[in-house]
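Taking the hints into account, I'd like the entire structure generated from these sequences.
Numbering (the numbering used here), first residue to last: 258 to 793.
Keep in mind the hints are simulated off the structure, nothing from the lab.
All values derive from a computational prediction rather than experimental measurement.
Each residue gets a CB set at the ideal place from its N, CA and C atoms; glycine is no exception.
Careful, some of the hints might be misleading.
What the hints assert, rightly or not - Straight-line distance between alpha carbons at most 25 Å, and here's what the computed PhoX-like set of lysine-lysine pairs gives: (1) Lys751 - Lys681; (2) Lys438 - Lys751; (3) Lys438 - Lys285; (4) Lys438 - Lys555; (5) Lys506 - Lys555; (6) Lys438 - Lys681; (7) Lys285 - Lys513; (8) Lys667 - Lys751.
Stated by the list, open to error - Pair ranges (Cβ atoms, derived): (9) Gln697 - Ser776: 18 to 26 Å; (10) Gly653 - Arg725: 53 to 61 Å; (11) Pro464 - Met772: 30 to 38 Å; (12) Glu537 - Arg458: 26 to 34 Å; (13) Pro590 - Gln711: 26 to 34 Å.
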Amino acid sequence: MRQQTLSTVLLDAASRFTSRTALITPAKRLTYGELIERALRLSAYLVETGLRPGGRVAICLPKGEELSIAIYGALLAGASYVPIDHATPAARARLILRDAEPGHLITTRHVADALFRDEAREGLWAARQEVVVTLLTAFVPQEVDRVSWCEALSRAPLSQAVPVQEQAVAYVLYTSGSTGKPKGVIQAHRGAVAFVEWGARHLGLGPEDVLSQHASPSFDLTIFDFFASAVVGAALTPVPEWLFGQVAKTCRFIIKSGITVWYSVPSVLLRPDAGTPLRELASSSLRHVILAGEVIPKPGLQELARRLPVGCTLSNWFGPTETNVFTFHDIGPEDLASEGPVPIGLPCPYAEIRLEDGSGAPTEEGELLVCAPTVMEGYRGLDALTAQRFERGADGRTFFRTGDMARFEKGRLIFLGRRDRLVKVRGYRVQLEELEHVLQAHPAVTEASVVVLQESGVELLGAALVLRAPSEALLDDVRRHCAERFPPYMVPSKLLPVDALPRNNRGKIDSQQVMELLSRPVNPPETMPSLRSGSA
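Here it is, written out as structure tokens:
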């Protein structure tokens, strides 16, 4: 029996849907035949230049034709891909490359210069530039050779994809880590295939559908975008990054592009000022709107539901990067009418869940554990941490501890929050300790406390700082310190100097008091300018 992998999904799409549109960009449309043929050309170059089955290809590109070809080409060459958001500062990208140890990096010439020649210190993003494929040394992210995209695609396509097993690694996604270093989440082919096949089947997708690709490729939402579309022969259309925060223009893009399936974090559409722009969606082609990655604000959801075309469904999908989606809830009239939170629902058919209290006993309210093929293989190079997150039951099955708290209510799961301080900002996971670690690495910062703030329905990061000699110039330097080390969504929007951090009677920092301090009106110089979202 043939192994079901993401590679076989792509090859089946090229065979079954050869003439169907696979990718729609402002510049062109590519059929599945054309897209997979170009991916196999890239695969041929990667194999020719030393890529072996099980190797890794790092990809740091803006959305578009080259990104799809790079991801598909790496997989068809028998490798796993390591996506890096192209807005990531060079220092953080180097940390990821150093940990992932890829043999190739596919990026723009500007990014390659920033990484290997220490130019463009403010970050990696720039206007669209020539794409290059860079060979790296085995263990150090040091450039060895570089060829143009055209040259890499000039090879004859591989006659067949390099075969891999379903348990082989498909991709490694880097998330926020508590030590100040991002950690790599290793995911296998079998889990990705189980998820995208279920999602396509559950929604009843077909070749006539047009899926959005809104999230950054470093975010796990894009697994559905890139591969559920291929499962059914649907088209994929990337959503421009510059649309983030502009609901009216996003709605017009949805209408103009003929998008039928929208998948994003809620905050993209459910903003306080979104009511009037959302009215335009009534004339769209939307059949399904799927929200994931954040708690869904009820007022915004109710407004969105009123504006969608007749028959368009609303769904809430749930699961951290380590598990991908493992629960789902089809939002109905009763959810919209109630005052309670939107349920995260029931387990997907491939998942089994349980709730445990602090002693490990089953309970109706407690930590959420899951056993599913979509659960990660582990954290790259972090065996001890991996072991901590798994629990083997008496029956021999292994469950993953999500760290999420939930309860059953009327037969559906309700999300209650995180056990630790891992939070979601714009749909991205952020470990608050990581931010504090980096802030305190600044020579002028003696202590730091980072919290999540709510302003006009939008989640922001704020930091209270104890500085050696507070000044506006010093605050500016701290801001630069963060911007050079974090992608935009991880940079605190507010920095507030304080004489001392508030503490409770046990001597621990009182996060609630920190939040209250940061929520008070501040002078404009204390507030960071708005930043482009990494999830766009």
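Each hint tested on the structure:
1. Lys751 - Lys681: Holds, because 17 Å separates the two Cα atoms, which is no more than 25 Å.
2. Lys438 - Lys751: holds, 22 Å
3. Lys438 - Lys285: The given pair, whose Cα atoms are some 39 Å apart, is violated under the 25 Å limit.
4. Lys438 - Lys555: violated, 35 Å
5. Lys506 - Lys555: holds, 23 Å
6. Lys438 - Lys681: holds, 17 Å
7. Lys285 - Lys513: This hinted pair holds, its Cα atoms lying about 15 Å apart.
8. Lys667 - Lys751: Answer violated: Lys667 to Lys751 is near 40 Å, above 25 Å.
9. Gln697 - Ser776: 18 to 26 Å: holds, 22 Å
10. Gly653 - Arg725: 53 to 61 Å: For Arg725 against Gly653, whose Cβ atoms are near 56 Å apart, the range 53 to 61 Å holds.
11. Pro464 - Met772: 30 to 38 Å: Violated - the Cβ-Cβ distance for Pro464 and Met772, about 49 Å, lies outside 30 to 38 Å.
12. Glu537 - Arg458: 26 to 34 Å: With a Cβ separation near 30 Å, Glu537 and Arg458 satisfy 26 to 34 Å, so the hint holds.
13. Pro590 - Gln711: 26 to 34 Å: holds, 27 Å
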